[in-house]
Amino acid sequence: MEDGLMAAVEARLERAELPSTTAALVRAAFAGENAIDSLLALGSIEEPVASAPASRPVGAYITAVEIEGFRGIGERARLELVPGPGLTLVIGRNGSGKSSFAEALEVLFTGDNPRWAKRSAVWREGWRNLHHPVTKIMATLAVEGVSGETIVRRSWLKDASLDSSRVEVQPHGLPKDGLSFLGWDEALPMYRPFLSYSELGSMLDEGPTRLHDAVATVLGLDELTAAEKTLRDARLMREKAVKEVLSIRDRIVSNLEGLDDDRARSCVAGLRGTPALDDVERVVTAGAPTTSQGELGLLHRLVGLELPDGEAVSGAATELRDAQQAVRELKGTEADAMLQSADLLEQALAYIEGYPTTDCPVCSTPGALGGDWAARARAQADEQRQLANLAQRERRRLATAVRSAHDLIGPVPQAIRDAGSLLDTAPVVGAWRPWVELLDEADPVRLADGIGSAIGPLLEAMTDLRRVARQEADRREDVWRPIASTVAAWVASARPALASAARLDDLKKAESWLKKAAGEIRNDRFAPIADEAMQIWSLLRQRSNVQLGRIELKGTGPARKVTLDVTVDGVAGAALGVMSQGELHALALSLFFPRATLDESPFRFVVVDDPVQSMDPSKVDGLARVLENASATRQVIVFTHDDRLPEAVRRLGIEARILEVSRREGSIVQLRPALTPIERHIADARAILNTDDMPDGIARQVVPGFCRLALEAACIESVRRRRLSRGDANAEVEGTLASLTRLGQFAAMALLDDPAKAGEIAGRIERDYGAGKARAFRAANRGAHEGYDGNLEDLVRDSAVLARELAAA
Amino acid sequence: MTPSLQAAELLRLSRQVLALRDERMTGVWPRASALLARQALEGAVSEVLAVRAPGSERVSLRARLLCLREYVPDLLAHRTEFLWATLSRVCHHHPYELAPTAPEIMGWLDDAEQLVGDLRGLAAPRTPE
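Protein sequence lines correspond, in order, to chains A and B.
Mapped onto my numbering, the consecutive letters of the first sequence carry residue numbers 1 to 809.
Mapped onto my numbering, the consecutive letters of the second sequence carry residue numbers 1 to 129.
Just so you know, these hints were derived from the structure itself, not from any lab.
Using N, Cα and C, we set each Cβ at its ideal position, and we do this for glycine too.
Each hint should be verified, as a subset may be incorrect.
Which bits of chain A does chain B cover? Going by a derived footprint, with three or more residues having C-beta under 8 Å, they are [said to hold, decoys possible]:
(1) 488 to 500
(2) 634 to 647
Partner residues are not named here, just some residues of chain B that face chain A (Cβ under 8 Å, in silico) [claimed, not checked]:
(3) Gly27
(4) Val28
(5) Pro54
(6) Ala124
Only chain A is shown next, with the shape it has when bound in the complex (with noise of 0.2 Å):
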């Protein structure tokens, strides 16, 4: 974590008076989902484990750059810088080996890069160099803090491929080490010191989104893009998790709805609405009901009712039958009459005893009573006491019998009639009904023939109905127990996700509150680099129509971009895609400067490839004012495939130090200082001179041309300067230039104005310049063609004396 973006945060938060959850899930969304999920559980946050301090980068200019066998370069060329800031151009044509000195520093410090994936196949193939068996980059480095050179060399085996080389970093004095040694990594893609032509034009073409990555990750606000996406992850993770929790329990709801079960309706009344989980897992985790309550309650009872005892009432008709054929044998028996005669007799025998007579008292026949008849009278006393008691007994007997066979007969059991709805219970009702209406029934044949026919059927109807009963409450219950676990499981996951989706409203609140935090966070960050980026547009477009106003980093996430407020002739809110070629790319060097040359950056060094390209003859002044201000804190090299630059440079008095690249047959590139125009042509004039081992003849022939050469520089740097000052439009003045072909004409154009006066031009030298010019005027022009006669020590040196009298006239 950088110190400064978390400070900024916190500063924020304490003047936000934030409810402290929210600011503590801010700070958690720092630590990373972890935090936020531990926060939102326990309530508190684990502290972070500091990462380890990376290592500071090391502060580097470059010394010398020396490439091997790499893309235009074949045998090995050296480019010699000067290690401090400063402005190094490096001019050479297409084709030259420029660019590659541009890409080797590049590959040299980053490796195989994504950059290059992008590459075109043919670039990707022809990296290497097809005339060097060897392919090597290696830079010389004046590191900050360590004495002496230090080397960075990569190199690849024959045959292999662009990334697989090998790296290593010598620091003078110090032990091999790797490119760690630099410490480099993470400033790379922040800072990237790097620009090509080719990233000139997509910077601005690969939309704003890539512009805000670009921009965003040099005010290394990553982590303030990563805290808010981990806000962002949290909440929608949370939820998705309740959604899904939701969408299940819409779906078990409707398979229980499906359900014939108390227990199923129970259920889906607890998870309608906010689900009432406890009461939902109450119902799910019961075994089988206990209770009575309910349908499988009186299944239950149904199962457990008590069948009416068989034996019990085959042995009730039995008796009812005994009793009834014991009474019906004492039929005629009057028992009461009997027993009345029993007492009679008695009464009879005890009045003869007290008072003896055989006369009867009654009806007082004589001799009634005598002989035999007390005997007798005694005896039929006693038997007709004896059957009246019989007869009472099986009487007794018989009305016992029809009650205990009433006592048989129950009520429909109430179980069966509250089955009405739940079961088929018209069989058993139908078997009760004839059973039942026994006890209405006194006779005992009747009664024991009806029950005996009776208790067939009924017992067969319940045992029926008890089998339905438990065949139900099985089937009933093997429906539920699998849909009570789904539910019991779904309840196990969703009491966390709907725990966490209670704290959804604290994650927004903090989410909401980092996105607004982030936005001015970077905006303050960014508002030094858009001045900056504003200035330099300013310097770089000088006559253009296109004004640059604010630029902003707008949005997070799919919708961040960069905005540009760009007026065209007055008119605000136009389109990039009004800005010419030339404009994009000087609006894409407002953005890569800035950000190239922040103080926090170590690279001292910036290379720009080819930034004039496309670029109208007044841009390429201010870009060579934009280098001149960089160039007071940073090693800037450009590379560059014309003269225009360097020419900028010269006439606007910049300090520079001026390369040229030329590359020879079989790929050998050579690198020697840039003199200006003028003094490169004589220089090469005396080259030619003094090389010892060149041909006859060839000196001759070429000096003159040189010597030409050199006049029509002087003439083209008089006449761009005088009219330039005079405030004429660069693109005219360099139109005019184009115009002219011939010796005559530039210095017509030079000394009088006017290139149609070339015929007057020699007589003018000559009485203004001297007799001695004129002729090597003459001589310059005219052995252009034809070789030179004459000395050509003296050509050259009169030459070069006019070349510079011209050039300042």
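Please build the complex by placing chain B on the supplied structure of chain A, with the hints as guidance.
Okay, now just chain B, sitting in the frame of chain A:
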């Protein structure tokens, strides 16, 4: 006037310059080669016109090139003019232009060699018909 050196000799010198490995010649060779190649081309043009249009050597080179198409086949005249103009751009100082690269010069030299050969073939005195 007659060219001081034969066109073929100038072309040979041009190739020699291109092959020079002297440190002092770093960056000098492109223009030196081009100057020699152009001179060879101009020499060949003058040679053919001296035979076909006696007196033409008194007019300017530009004029000589313009009347070349009257005396040699069109295609040859066009190609000669074009190469001459190309080499002239290098032999004059043009704003911002840098010295040509080796492959460019090699190409021009090959063209020049062919054109010089064709032109000199036409420079042989015409046999009366």
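Hint check:
Evaluation of the coverage hint for the segment 488 to 500 of chain A: breached, as 0 residues show C-beta separations to chain B shorter than 8 Å, against a requirement of three. A stretch counts as covered by a chain when three or more of its residues have a beta carbon under 8 Å from one of that chain; for the segment 634 to 647 of chain A and chain B the count is 5, and the coverage holds. The interface hint given for B:Gly27 holds, since its Cβ lies 5 Å from the closest Cβ of chain A, which is under the 8 Å cut-off. The interface hint given for B:Val28 is met, as the beta carbon of that residue sits about 4 Å from the closest beta carbon of chain A, less than 8 Å.
A cut of 8 Å between beta carbons decides the hint on B:Pro54: the least distance to chain A is about 19 Å, and the hint is violated. With a least beta-carbon distance of about 23 Å to chain A, the hint placing B:Ala124 at the interface is violated under the 8 Å criterion.
Checked against the numbered hints given earlier, the structure breaks hints 1, 5, 6 and satisfies all the rest.
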